[in-house]
Amino acid sequence: MSEAAAIETHVQAAVTADLYEPSLTPGNTGKLGMWIFLAGDAMTFGVGIAAYGALRWQNVNWPEPAQWLGITTTAVMTFILICSSVTMVEALSGIRQGNQQKFRLFIGATILGGLMFLGMQAFEWHHLIIGEGLSIKTSLFSASFFILTGFHGMHVTGGVVYNSVLMVRGFMGRITQAKAGLVEIAGLYWHFVDLVWILIFTFVYLI
Amino acid sequence: MATEAATDLHTHVPAAPETPEPHAEPNYIAVFLYLAILTAAELGVYALNFPSVLKIGLLVALALAKATLVAMYFMHLAVERRGLWVVAAAPLMLVAFCYLMLRPDLSARAWAHVPANQAVGVHEGAAPPPAQSESAPANAAPGTQGS
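Sequence order for the protein chains is L and D. Residue numbers for the first sequence follow my numbering, so the first one is 526 and each next one is one higher. Residue numbers for the second sequence follow my numbering, so the first one is 40 and each next one is one higher.
Check the hints yourself; a few may be wrong.
Stretches of chain L that chain D covers, calculated by requiring three or more beta carbons in the stretch to come under 8 Å of a beta carbon on chain D [stated by the list, open to error]:
#1 573-581
#2 594-605
#3 609-618
#4 717-728
Hints were generated in silico from the structure; no laboratory data involved. A virtual CB, placed ideally from N, CA and C, is assigned to each residue, including glycine.
Given these sequences and hints, build the entire structure.
Okay, here's the thing in structure tokens:
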């Protein structure tokens, strides 16, 4: 028996005996890759929020967030991001059904939601920097605020670009029912961005 | 020979069964409604004059409930294999560790207890308050007074 044949026989036996460890995300290994990336990203955000909490704990000088931040505006931003998560799952639902029109409509709505969020964040930052004279160097409060919301804003920007690429590829006919997994992976990223904002909204704005 | 063997491995070995388990889609509109209601509840708790500890506890609980809904239903963790939960939970352990490691150090520092020492609009250390040493708590850790 040749060396190659011997190896093949061995592998066949392993397959038959079900010795391969099953994937955590069967049929879509890219999804596992995205989950691992998001776990790493969550550590970065999580440590930022933990540091924010530790700095603020028992700090009598920490300002009341509403004194500087617009809670109503931010609540609207939160609502927009939650809506964009719904449109993202509807886009995935559309491509899974092979409904290109539904996919394009909802992925477009998701991008629009992201752009609206970014526009409102730009407005908020403009007000704080130009109107109130805050900067990242002003205080611990302003430093942690700009770092956390800025890092999240960069993620939203990345998500808008990511979804835009998918939409363009959809219009080119390159996102088909068979490639719904690509939309699912992008959706994981987008929902993660939504999830992080839910936490930032509570810890930075409301508490 | 080695190249041939490698080619054979890639060409002839059948792929292990890797078909995703079919599952019904969650009711996304219901999840959205829950998220909207929880957000409204957060704003309600924020607006009401609850005691500080109760208010913070409620807000954190509501935020965690919303985050869990997003992870379970929008990110489909509810229907994924349980092994993936370990990947998702790993950051939580690191965050808890980081917070618990930071907090005793930072909360023991004197500057956190000195009024106006870290006020918004004042650079750190630019205008140290004259009463800093008097206002510092007696149990401040050595070498950590001021900023």
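Consistency of the hints with the structure:
no.: 1; hint: 573-581; in the structure: holds (count 6)
no.: 2; hint: 594-605; in the structure: holds (count 4)
no.: 3; hint: 609-618; in the structure: holds (count 6)
no.: 4; hint: 717-728; in the structure: holds (count 8)
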